[in-house]
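Numbering (this note's numbering), first residue to last: 1 to 281.
Wrong hints could be hidden among the right ones.
Said to hold, decoys possible - Label-pair restraints from in silico Cβ distances:
| id | residue 1 | residue 2 | range |
| --- | --- | --- | --- |
| 1 | A200 | V62 | 33 to 39 Å |
| 2 | R198 | D110 | 40 to 46 Å |
| 3 | S99 | A51 | 34 to 40 Å |
| 4 | G53 | N121 | 40 to 46 Å |
| 5 | D110 | G243 | 36 to 42 Å |
| 6 | P195 | G243 | 17 to 23 Å |
| 7 | N133 | H54 | 34 to 40 Å |
| 8 | A146 | P60 | 24 to 30 Å |
| 9 | S99 | A151 | 35 to 41 Å |
Quick caveat, the hints were computed from the structure, so don't treat them as lab data. Each residue gets a CB set at the ideal place from its N, CA and C atoms; glycine is no exception.
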Amino acid sequence: MLYAYQVIRRLLLPFVLIAPAALAHPSWGIVVNRAGEVIYSDLVTVWKLDASGHARVLRPGVDGHHVHELAIDAEDNVYGPEYDGTTTRIWKLTPSGRSTYINAASIWRDRNGNTYSVDENQHTQTTTRILKNGTQLLAGGAFGHADGTGARAKLGHIVAMTIGPDGALYVTDDPYVRRISLDGKVTTIASCDIPGARDALDFGGIFGLAVAKNGDIYVADLRNRRVLLVHDRKVTTFATSTGPWLPTGVAVGPRGEVWVLEAQYPRPATWLAPRVRKLTR
1 MLYAYQVIRR LLLPFVLIAP AALAHPSWGI VVNRAGEVIY SDLVTVWKLD
51 ASGHARVLRP GVDGHHVHEL AIDAEDNVYG PEYDGTTTRI WKLTPSGRST
101 YINAASIWRD RNGNTYSVDE NQHTQTTTRI LKNGTQLLAG GAFGHADGTG
151 ARAKLGHIVA MTIGPDGALY VTDDPYVRRI SLDGKVTTIA SCDIPGARDA
201 LDFGGIFGLA VAKNGDIYVA DLRNRRVLLV HDRKVTTFAT STGPWLPTGV
251 AVGPRGEVWV LEAQYPRPAT WLAPRVRKLT R
């Protein structure tokens, strides 16, 4: 596969998007631009939520083409991987609304324009590698868990990646949050395997993550219906979701506001439409 928290006291602006069809699985793509507008994927279509809570289509989707995650750069250009079941194409969406496919290996790019992606076969579980510009090994090798530099590091099943304000890569490698410096050093920041919720699911794990300017890391723990906060390597519950809602993605806005993307999973149904919530302590 190539792609590439104290319990909340109050919930603000609960925005719900009703999708026309059930989803095969949820998206974890959510970002916030410099104006504080939330941009998120419902797996197919990309939406923008303005400051007043109105959602509009930002990029129409194509049935069967999935957009799992999103990235945004310093100029508010949004990037997404469009996967059709066989191949992945990277698109770029400018603030003016112009969408084009670009020649890039991944949506994640550093300040110099280098891209970073995950090379992993979840089924064989033999290798997991972080690649630079599609072909150059940055870190990883044999499937497993071991900190180290370059090929000496071991990575497991990575769901989400992001680039932090320090310029390093951060990934969810269930149940761990790990940091990968741009010279290939892999460090485990924290284990999210803390006591679970009573209504925890029997599948899933940690999904999307976001890194705030102060270094705090927010993680969507789908299995346990909660958003976790990693502060100074200590993990606490920042927010919880009430069934049938499950957190899949997290984003931090320009003023430190935290947003969570949630999907519906009403048993015994499949995944349904997502919603976005703004969280506060």
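*Which of the numbered hints above does this structure break?*
As far as the earlier hints go, 3 and 8 are violated by this structure, in ascending order.
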